[in-house]
Amino acid sequence: SQQGEEDPQALSIQEGENATMNCSYKTSINNLQWYRQNSGRGLVHLILIRSNEREKHSGRLRVTLDTSKKSSSLLITASRAADTASYFCATGSRGSNYKLTFGKGTLLTVNP
Amino acid sequence: DTAVSQTPKYLVTQMGNDKSIKCEQNLGHDTMYWYKQDSKKFLKIMFSYNNKELIINETVPNRFSPKSPDKAHLNLHINSLELGDSAVYFCASSQLGDSYEQYFGPGTRLTVT
Chain A
1 SQQGEEDPQA LSIQEGENAT MNCSYKTSIN NLQWYRQNSG RGLVHLILIR
51 SNEREKHSGR LRVTLDTSKK SSSLLITASR AADTASYFCA TGSRGSNYKL
101 TFGKGTLLTV NP
Chain B
1001 DTAVSQTPKY LVTQMGNDKS IKCEQNLGHD TMYWYKQDSK KFLKIMFSYN
1051 NKELIINETV PNRFSPKSPD KAHLNLHINS LELGDSAVYF CASSQLGDSY
1101 EQYFGPGTRL TVT
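Chains as they are written, first to last, in this note's numbering: chain A, 1 to 112; chain B, 1001 to 1113.
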């Protein structure tokens, strides 16, 4: 069953602006990950945040996690045209049968 | 060096045929996966193998049969292809455990006519 739900489904901004994407999920998680997918390509891992963490940074990326609200956000600062892609959140389940459940993604378009 | 590779990249075939997609990873990972991404970009796990053993099978029709000859390879064989099987299939790999990122292949776009 689908776990993550990204919001918005599509986002169009100008270069230099910040982009914020949100993800909500339904069940308990061990971690939450964000991936990027360029058109016609495979997914690329961006950042992983564990359930006991609240915020994590990686370059121009900032991820927050609120387990009480079962939600996460991905902020891309000072966006570039090359950031144009689909962004997916994925939740990791507990236990030995590790599985990632993906949301439907946010299509980000950064206009030059 | 390609970390996770898949062949072929494109596959066009007719209903009823049998086809295979191959996947190889050179990352030394123990766990490999197959995902299906539909036309709306929804990505759903199909199978997961750890060290050649099946650990996840997400109620996929038994026309789909994964095979792992060794832990670096996970192939997907599909029998009696149907129109609804048209999608992009992604292979991925990771270390075993709850908190590791997955590395994805470039995908195989399967079109069934």
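Note that these hints are calculated values from the structure, not bench results.
Among the hints, a few may not be true.
[Claimed, not checked] Pairs of lysine-lysine, DSS-like flavour, derived with a Cα cap of 27 angstroms:
1. B:Lys1019 / B:Lys1071
2. B:Lys1040 / A:Lys70
3. A:Lys69 / B:Lys1009
[Said to hold, decoys possible] Distance windows between CB atoms, simulated:
4. B:Phe1042 / A:Thr109: 42 to 52 angstroms
5. A:Gly59 / B:Leu1027: 21 to 31 angstroms
6. A:Ser68 / B:Met1015: 47 to 57 angstroms
7. B:Ser1065 / A:Gly59: 18 to 28 angstroms
8. B:Asn1079 / A:Glu17: 46 to 56 angstroms
9. B:Arg1109 / A:Lys26: 29 to 39 angstroms
10. B:Asn1079 / A:Arg54: 43 to 53 angstroms
11. A:Ser58 / B:Lys1009: 41 to 51 angstroms
12. A:Thr77 / B:Asp1018: 43 to 53 angstroms
13. B:Asn1062 / A:Thr27: 40 to 50 angstroms
Think of the CB as a built atom: it goes at the ideal place given N, C-alpha and C, for glycine as much as any other residue.
Subject >> Hints that the structure is at odds with (numbers, increasing) >> reply: Hints 3, 4, 7, 11, 13 contradicted; others consistent.
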